Amino acid sequence: MMRSPSLSSISRSEKSLFPCLFSLLFLVAFLDSWWRAGVRPFAFFEKEGREHLWKFLTGMFPPDLSWNFLSLMFYPALETIQISIMGTFIAVIVGFPLGILGTRTFSVGGVLNEAEVAGSLSRLALRWSSYTMARGILSLFRSIPEFVWAFMFVRAVGLGAFSGVLAIGVAYGGMLGKVYSEIFEGVNLRPLEALQSTGANRLQIFFYGWMPQALPNFVSYTLYRWECAVRASAILGLVGAGGLGTQIEISMRMFNFSEVLTILLILFLMVAAVDYISAKVRAIL
Amino acid sequence: MHQYRLEKISKVFGRRQIAVDGVDLEVERGERVALIGPSGAGKTTLFRMLNCTLRPTAGKLWINGDAVSDLHGKRLRSVRRKIGTIYQQHNLVPRLRVVHNVLSGNLGSWSTLRSLASLLRPQGLEMAYRALRQVGIEEKIFHRTDELSGGQQQRVAIARVLVQDPEVILADEPVSSVDPSLATAIVRLLLDISQNTHKTLLMNLHSVDLALAYFPRVIGIKDGKAVFDRSPDKISDELLEELYSGHLPDSQENGLIDEESKSLIYQ
Chain C
1 MMRSPSLSSI
11 SRSEKSLFPC
21 LFSLLFLVAF
31 LDSWWRAGVR
41 PFAFFEKEGR
51 EHLWKFLTGM
61 FPPDLSWNFL
71 SLMFYPALET
81 IQISIMGTFI
91 AVIVGFPLGI
101 LGTRTFSVGG
111 VLNEAEVAGS
121 LSRLALRWSS
131 YTMARGILSL
141 FRSIPEFVWA
151 FMFVRAVGLG
161 AFSGVLAIGV
171 AYGGMLGKVY
181 SEIFEGVNLR
191 PLEALQSTGA
201 NRLQIFFYGW
211 MPQALPNFVS
221 YTLYRWECAV
231 RASAILGLVG
241 AGGLGTQIEI
251 SMRMFNFSEV
261 LTILLILFLM
271 VAAVDYISAK
281 VRAIL
Chain Z
1 MHQYRLEKIS
11 KVFGRRQIAV
21 DGVDLEVERG
31 ERVALIGPSG
41 AGKTTLFRML
51 NCTLRPTAGK
61 LWINGDAVSD
71 LHGKRLRSVR
81 RKIGTIYQQH
91 NLVPRLRVVH
101 NVLSGNLGSW
111 STLRSLASLL
121 RPQGLEMAYR
131 ALRQVGIEEK
141 IFHRTDELSG
151 GQQQRVAIAR
161 VLVQDPEVIL
171 ADEPVSSVDP
181 SLATAIVRLL
191 LDISQNTHKT
201 LLMNLHSVDL
211 ALAYFPRVIG
221 IKDGKAVFDR
231 SPDKISDELL
241 EELYSGHLPD
251 SQENGLIDEE
261 SKSLIYQ
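Chains as they are written, first to last, in the working numbering: chain C, 1 to 285; chain Z, 1 to 267.
Simulated from the structure, these hints should not be mistaken for laboratory data.
Please note that the accuracy of each hint is not assured.
Partial chain C-side listing against chain Z, Cβ under 10 Å, derived [stated by the list, open to error]:
id : residue
1  : Ser23
2  : Ser120
3  : Leu121
4  : Leu203
5  : Gly209
6  : Gln213
7  : Leu215
Note that this is a predicted model, so its numbers are computed, not measured.
Ideal placement from N, C-alpha and C gives every residue a C-beta, glycine not left out.
The task is simple: from the sequences and hints, build the whole structure.
Written out as C-alpha cells, the structure reads:
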C-alpha cells in the first residue's frame, strides 16, 4: 500500500530562506507600527496626561448610587440585555446555515462527498459555489464592525433597540458562522462515514453525526458570544441604538463621570451574571 | 447476476499512494468470503469502495448489475442501504446513546422527519432490544456509547447492521477488539445470519485460523492485489508464508499505517 513520495531535497534548501525573510519582514512591520501608531508608554506620566486622568478619576468617585439615578437606569439596562438576547438569536439564525455550508467536509470534500461528486462536474460546481458563497457572505458580515452596521441600520430602521439587534445579528452572525464551520470541520468523520454507508441522507447524517459531536463546543461558543453581545449592545447605544450606551453617551457629554462609573458597574454586573449562567449551562452538557 | 463484480479496480490516494491495484473479483449472492493479508494491504480501502464510500480511481465496479459510477443521489443511497458495514474502529457516534447508534441502521429506510423524532423518542425500541440481545449487551441500551468498552462498542456496531438488515454484510476486522472466545462467537453469529437469511458476507480477518476454519472461500490480499482466491483446503502453508512475507507482525504495523493513510483519506 505504501509508496510514499519522497520530498526532493532541493526544495528543502530553498525553503530555508523563508524564515529569515519572514523574521525581517516582521521586525520592519513591528517597528514601523510602533512609530506610526504613536505608541508613547510614558504619556501617562507627562503633566497634561496626568491632570486629565486625575480629573476623570476623581470625577468618577464616588459613583452615583442614588435611587433616583438607579431607577432611571433600570429600563436601559434591561433593554441592553434584551438587545443582546435578540441579537444573538438572529446571529445564530444567520450563522448556523452559513456555517454548515461553509464547512468543507460537509459541502465539498472528503469521504462524505467523494461518491456524490465523482464523475459529475455540475454537482461539484454546485457544491463549490455554495461553499464559496457561504464563506464569502460570512467574511463580509464579520469584516464590517458591528458599530458600522449599527450606523447603517439606524439610518434604515430608525433610532432604537431594533437597529442594535440587527447590527449584532449580522456582525455576530458572521463570527458565529465562521467558528461553527471550524467546529464542524473538527468533527470526527469516521462515525459520519458509517452513517452514510447505511444510506442516510445529508440531513440525517447532520443530526445523527455532526450535531451530537459538535454540540458542546457549539453551545459553549454561542454563550460566549452572547456575553460579548451584552458588552457590544451597550456600546451600540453610542450611535443611537438604544440601551445603556445611550445613557453613557448622555452622561459623558454632561461630564457626569460619577454616573458613567455607575453605568459601568451595572454593565460589569450584567456581564458577570451572563458569565455565571453560561458556566451553569456548560456544566450540564 | 453477481452481487459484486470488480474489473481491474484500483484506488490511489493523493498522487501516488496506491492502496488497491487492479483487483478482479466476482462474488455471488449469499456467498461467504474471508479476506486475509497483512495490514496495509488495501483490504479496508477495498471495502470502502464496495460500500460506495470511495470511488475507484480506475476500473469498473458493479453491484447487483448496477455500475457504481452511474449512481448518485437517491439511487446511490438506496444501494448503500442494502450494504451493511461493520468497521474496525466501530465508527459509532460517541456522544449518542447506544439505542440511537443501533437504530441509526434504519436511517436509509426512515424519512428524515421520523429519524429526527427518533432522537427525541426512540422509534422501534423493540427492534433495538432484539438486535442488542443477539449480541448479548441488551442491558447497555440507554448508556452513552462512549462509556462502553471497545468490545462492547464492537457489538453495538454489529447490532446496528442487524437493524439495517442489508443484503450484504461487509465486516472489516469485526473481532479485532474482543477476546478470542468472543471473537469466534461473533464470527459464527455473522456466518449464521448470512446463512439463515441468505446474506452475502465479506469479512476482513487478521486471524488466518478463523478464516480457514469457517469460510468456504478465502482471498489473499497483498500490496493492493489479490494474490490467491480459493477454498481453504487448497491454501498451503507456503502460500500463507508468501502472503505475509516482508511484513512486520500485525499489531506493530497497524498504528503506523493507520495514521499515515488517515491523514490522506480524511483530508
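Quiz item: Given Leu203/C as an interface hint, is the shortest Cβ-Cβ distance to chain Z below 10 Å?
Solution: At 5 Å from the nearest chain Z Cβ, Leu203/C passes the 10 Å test, so the hint holds.
Quiz item: Is the shortest C-beta separation between Ser23/C and chain Z less than 10 Å?
Solution: With a closest approach of 29 Å, the Ser23/C hint is violated.
Quiz prompt | Given hint Gly209/C near chain Z, where the shortest CB pair must fall under 10 Å | solution = Gly209/C check passes; min Cβ-Cβ to chain Z is 6 Å, inside 10 Å.
Quiz item: Is the shortest C-beta separation between Leu215/C and chain Z less than 10 Å?
Solution: Hint on Leu215/C: holds, closest Cβ of chain Z at ~7 Å, below 10 Å.
Quiz item: Is the interface hint for Ser120/C satisfied, with its Cβ closer than 10 Å to some Cβ of chain Z?
Solution: Hint on Ser120/C: holds, closest Cβ of chain Z at ~6 Å, below 10 Å.
Quiz item: Given Leu121/C was flagged as interface, is its beta-carbon under 10 Å from a beta-carbon of chain Z?
Solution: Constraint on Leu121/C not satisfied, violated at 12 Å.
Exercise. Report holds or violated for the interface hint on Gln213/C, using the least CB-CB distance to chain Z and a cut-off of 10 Å.
Key: Gln213/C check passes; min Cβ-Cβ to chain Z is 6 Å, inside 10 Å.
This entry does not satisfy hints 1 and 3, going by the numbered hints stated previously.
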